[in-house]
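Order-wise, the sequence lines are chains A and B. Residues 1294 to 1638, numbered by the working numbering, are exactly what the first sequence covers, in order. Residues 16 to 612, numbered by the working numbering, are exactly what the second sequence covers, in order.
Derived from the structure by calculation, the hints contain no laboratory data. These numbers were taken from a predicted model, which means no experiment stands behind them. Backbone N, C-alpha and C define an ideal beta-carbon position, used for all residues, glycine too. There could be a bad hint or two in this list.
[To be verified] Residues of chain B placed beyond 10 angstroms of chain A at every Cβ, according to the derived structure:
hint, residue
1, F97
2, L126
3, A234
4, I307
5, V310
6, P490
7, R498
8, A587
9, L590
[As the list claims (entries may be wrong)] Some but not every residue of chain A turned toward chain B, in silico, with C-beta under 10 angstroms:
hint, residue
10, P1365
11, H1367
12, G1370
13, G1372
14, H1378
15, P1568
[To be verified] Label pairs and their computed distance ranges (CB to CB):
hint, chain 1, residue 1, chain 2, residue 2, range
16, B, T59, A, A1351, 16 to 26 angstroms
17, B, P241, A, L1462, 38 to 48 angstroms
18, B, L455, A, D1309, 56 to 66 angstroms
19, B, P241, A, V1468, 43 to 53 angstroms
20, A, G1419, B, G358, 51 to 61 angstroms
21, B, K460, A, D1360, 53 to 63 angstroms
22, A, H1397, B, T59, 24 to 34 angstroms
23, B, R339, A, H1422, 57 to 67 angstroms
24, B, R237, A, D1360, 41 to 51 angstroms
25, B, P241, A, G1529, 38 to 48 angstroms
26, B, T59, A, G1590, 55 to 65 angstroms
27, A, E1522, B, P241, 43 to 53 angstroms
28, B, L470, A, R1353, 51 to 61 angstroms
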Amino acid sequence: MTALLRIEAATVRFGDRAALDGVDLDVTAHETVCVLGPSGSGKSTLLRAVAGLQPLDAGRVLLDGADQAGTPPHRRGVGLMFQDHQLFPQRDVGGNVAFGPRMHKMPRERRDPRVAELLDLVGLPGAAHRAVSTLSGGEQQRVALARALAPEPRLLMLDEPLGQLDRSLRERLVVELRQLFGRLGTTVLAVTHDQGEAFALADRVVVMRGGTIAQSGTPLAVWQHPASEFVARFLGFDTIADGVVSGGVAVTAWGKLPVPDGTPEGPARVLVRPPGVLLGPADEGLPCEVRARTFRGGRVALVLGVTGAERAPALEAESTLRDAPAEGDRVGVTFDPGEVVVLDR
Amino acid sequence: MDVDRPVVPAGPEGPEGPEGRDGSDGSAPAPASVRGRGGRGRATGVRLALMALPLAFFAVFFAYPVGAIVARGLHQGGRWRFGAVGDVLGDPSIRHVLWFTCWQAAASTALTLAVGLPGAYVFARLEFPGKRLLRAVVTVPFVLPTVVAGSAFLALLGRGGFTDSLLGFRLDTSVWAILVAHVFFNYAVVVRTVGGLWAQLDPRQEEAARMLGAGRLAAWRRVTLPALAPSVAAAALMVFLFTFTSFGVIQILGGPTRSTLEVEIYRQTAELLDLPTAAVLTLLQFVAVAVILGVHAWTVRRRESALRLVDAARTAHRPRGGERALLAGVLAVVALLILLPLGVLVARSFDGPNGYGLAFYRALASTDGSGDGGTFLVSPLETVWNSLRYAAVATVIALAVGALAAAALARRAGRVMRGFDALLMLPLGTSAVTVGFGFLITLDKPPLDLRDSWLLVPLAQALVGVPFVVRVMLPVLRAVDARLREAAAVLGASPLRAWREVELPMVARAVGIAAGFAFAVSLGEFGATVFIARPDSPTLPVAVARLLGRAGEMNYGQAMALSTILMVVCAASLLILETAWQRRPDGRRTTVPTGEF
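In isolation and in its complexed conformation, chain A is listed as follows (with noise of 0.2 angstroms):
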């Protein structure tokens, strides 16, 4: 199947910085992937690249395989969903809904029906007279997303699609999002600085790092194999220490660690996600002290101190609410060798 979206060794320079670095990533039609990274990574400069709002230094951008280089914003039939809406202040909710198709020539006896329908989609039915300053910031969300979806674009972008909603919100409009784009059968390129945000959201991750893509794979790929430390960090992931591996095993100042059959032999990163470290009855195992405890909800994440090695990294671990150790207690910690990961360095 050919890309609907081929990005070629985008690059973009700001000054003696390089925003885009040379990205290759290509978007398969009614795919949704999600562009995951901190700030300053280089995502939301690739949306604009891909919409023709930033032009390229080198390398380029192909939609259903044409070049776009010089193919002018309002001609590349994507579609934009900006961070902070940009919803048009003079125009009320249909007058922005509309706009996409106005642009379009479609005939206003195929617009109004097409606004209310979208407005339907989005849960907002009968809400095309209302001032768009009157909106709560879901709605706003709601209604840039009917005004990017109006003119059926090719590929929908979406720049932080629920940055700026409170989490619940967040929690629930994630879940209809993907069944909307579901059932459209939209291709979506979506960035996103939020984890959870990209997992729910996407067929397919692509982590960025400084202009660069660090990893890039299913939600559960990157979640189990994070291929970088780097990774493994953004992902919250903290339990790493040094480490030498041989004959199975990875030695740390943790101790001996459990590794896939087939880890090249050497020095190494180790990480171990936080489900991997079993608490047990103090004089079993590595002997640890709870440093603190954190209560989540039904869960409590512990940080642990392993006892007599100051300078051993601290140990992550989670506990149910009844059975969480209080701070100070001494536990002994052994590992699950399934959540051991030994990172590329």
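On the provided structure of chain A, position chain B as indicated by the hints.
Just chain B now, with coordinates in the frame of chain A:
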């Protein structure tokens, strides 16, 4: 499109900025040197195209006439006589003029700031009934013809005037009359320029300082004042510029001994026909004005530095405690300084020979000049129609030229563009007399033979209107988020369509205000018009000046009546055009800022 975004220096967070706060991720800065391929050349082309008409306009109708008249003064007998510069500057009476010009401008500026700054606070931060109307009223003097203001103060402070008959003192022979009239004129400059920013300063900045242990005064001095300082400086420089080049007020209130450069240029040109001296003085004023404008451009640039601005509607509150006294004081000043002179002018216009009535207004309709001063070619009342026609055409020209210039300036500026910006302001400070006389000697031969064309007057008036159009439009154009245009583009709108659909509706109100200013300023233009208006179709201010120049109560009363008409027309045009766009179709007020000077 990529070049329209403001250049933000890359901070520690990198050019993408903090995400989630303002979405600046997308509007990453593109320093001029490294903008992407293609975009840069195209944008420069657009900018040049936008600048072409304003530049041509200024070259033909400003640089050429002014240059020609200066050349005529200094190029005599086949060679240049720059020695005239030394001769003129050595003349003690000219040195006296220079000294008076400078010190009265400095004194007027200081006085205007002292009176205007409390007003700026009150209009910016306090909520009181009638505020919007009053804000419009204090703007009226600024667009009033100087001739009218001069007459108003003559009626207030002069012989047989309000204070003379009521309190037994006259000020028309003292310099105070000039200073007070200058404050009257420029009060609005301070209130609008400083107050406009003050209203949008985030009060939480001051609150943050308070929470960190600063007292009320210390917080104001250390947080608010530094933020305001550039706008105070800009306002002060504008007031200095206007008073430095003051003409009508000095003509009427200055008497024989007090003369500014501008008045002296008029005297040398029109009365003594001493073109070399006039040329030197014109150059001198040119240099002084260029310096003032240079400093002004610099402060404006500083004013645009990053300030936390919020919607003005959120910062105003009802007066509490000592603020009530402040409000009362400011209202008293407005009443005494602005309403009283205007009121006295109106009252005098009705105070006819046979008691209060419309005698002077009736006399305006006849051409016999009321016996003691010869006759007019046209009745004074007809000049109202002349003025309206001229001003309407001048407004159209000023809007076209000014809007194009503002659009070019809003699209990112370098040093060249700042020079362009200052160039547009120059006519404000250049002797109108020079411009008028320059028109006469340059635009009288093919291919530009406008000698007998009525177009000459609106062209000269538009020259003064353009700076106002640019000043009003520029901040608004700059405030339109470039990403709104981008949003329109990705929805399929071509650049032209995006401008029409998105940008134009947002700046419509500013266009209205700019038109109001241009119209009012054109109506009141006197210095240039007096030279080039044909005797059979004088404008209203010219007729007022002619009436004032004649003896007799009837002429004086007619001058007051005509001035009243001019004042009402000016104020009404400003108010109508300013309020016509005040409300959006949905009934809520726009938050797009209106421009200040």
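How the hints compare with the structure:
no. : hint                                 : verdict
1   : F97                                  : holds, 48 angstroms
2   : L126                                 : holds, 41 angstroms
3   : A234                                 : holds, 31 angstroms
4   : I307                                 : holds, 36 angstroms
5   : V310                                 : holds, 31 angstroms
6   : P490                                 : holds, 17 angstroms
7   : R498                                 : violated, 5 angstroms
8   : A587                                 : holds, 27 angstroms
9   : L590                                 : holds, 23 angstroms
10  : P1365                                : holds, 7 angstroms
11  : H1367                                : holds, 5 angstroms
12  : G1370                                : holds, 8 angstroms
13  : G1372                                : holds, 6 angstroms
14  : H1378                                : holds, 8 angstroms
15  : P1568                                : violated, 29 angstroms
16  : B:T59 / A:A1351: 16 to 26 angstroms  : holds, 22 angstroms
17  : B:P241 / A:L1462: 38 to 48 angstroms : holds, 40 angstroms
18  : B:L455 / A:D1309: 56 to 66 angstroms : holds, 58 angstroms
19  : B:P241 / A:V1468: 43 to 53 angstroms : holds, 49 angstroms
20  : A:G1419 / B:G358: 51 to 61 angstroms : holds, 54 angstroms
21  : B:K460 / A:D1360: 53 to 63 angstroms : holds, 57 angstroms
22  : A:H1397 / B:T59: 24 to 34 angstroms  : holds, 31 angstroms
23  : B:R339 / A:H1422: 57 to 67 angstroms : violated, 43 angstroms
24  : B:R237 / A:D1360: 41 to 51 angstroms : violated, 56 angstroms
25  : B:P241 / A:G1529: 38 to 48 angstroms : holds, 42 angstroms
26  : B:T59 / A:G1590: 55 to 65 angstroms  : holds, 58 angstroms
27  : A:E1522 / B:P241: 43 to 53 angstroms : holds, 45 angstroms
28  : B:L470 / A:R1353: 51 to 61 angstroms : holds, 55 angstroms
The earlier numbered hints that this structure contradicts are 7, 15, 23 and 24.
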